[in-house]
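A.B. asks: Sequence:
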Amino acid sequence: MNEAGVSLNLVSSLTCNIVHLFPPSAKFMVVYFPSQPSEIDMESQMHLYGHTAEITSLLVCKPYSIMISVSKDGTCIIWDLNRLCYVQSLAGHKSPVTAVSASETTGDIATVCDSVGGGSDLRLWTVNGDLVGHVHCREIICSVAFSNQPEGISINVIAGGLENGVVRLWSTWDLKPVREITFSKSNKPIVSLTFSCDGQHLYTANNEGTVISWCRKDQQRLKLPMFYSFLSSYAAG
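Going by the UniProt record's numbering, 160 is the number at position 160 of the sequence shown; the sequence numbering is gapless.
Everything labelled a hint here was simulated from the structure, so no lab data went into it.
Computed from a prediction, not measured in an experiment: that's the story for all the values here.
Do not take every clue at face value.
[Claimed, not checked] Only pairs whose alpha carbons sit at most 27 Å apart, straight line, appear in this in silico DSSO-like list of lysine-lysine: (1) K72 <-> K62; (2) K72 <-> K185; (3) K176 <-> K188; (4) K94 <-> K72; (5) K94 <-> K185.
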């Protein structure tokens with residue numbers, strides 16, 4: 001909490017030499033620090049404006065030098081990290097945008113917004129802002145992430161963490177469902193998830209602080225996906 005009693009969220013990226021600081025208000029503030037070892041220039045600061053309601057998520061995509069912010073006002077804005085300026089908005093969300101992710105391989109962007117009839121709508125965009133497609137999910141999607149394997153030799157997916165503890169995978173080609181990942185001992189909302197750099201593991205975290213690591217099935221031994229539990233009392237299934 002700051003002195004005014006306003007809750008602040010802090011997201012940092014050491015590789016991009018930036019620190020993002022934003023309050024739950026209409027103002028979105030980006031603080032930029034030049035790359036100087038052991039030195040921080042606290043006077044170098046820039047404010048970026050574009051949202052009129054609370055910012056719900058913020059994502060940095062280093063390979064494409066962009067940052068994406070989404071808000072309860074239904075806006076999704078792409079920012080240029082090199083010039084620290086507005087690029088464009090992804091239009092068409094008719095409700096609060098609650099989650100966002102971007103592919104480090106293609107630059108494609110996935111956004112999640114509330115659906116009028118319940119559940120969530122998942123939209124897929126190109127890095128240039130063109131809408132590729134959208135799909136409705138009956139459950140609420142709490143988090144979203146891309147796998148980032150080389151195109152042409154792998155089929156990448158968008159993973160969505162659902163309110164019921166299920167992880168659903170959609171193909172990045174046509175948004176068709178690929179499969180679901182479930183664990184009977186955990187049915188809490190998946191608030192965060194990410195793939196490992198080699199794409200062999202998927203890590204999920206629920207709202208109780210439980211982190212689970214999933215890996216591909218062993219084709220030779222026909223073992224079930226491995227389960228690891230951190231900071232919780234769950235036992236391996």
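A.B. asks: Tell me the hint numbers this structure goes against, listed in increasing order.
C.D. replies: 2, 5
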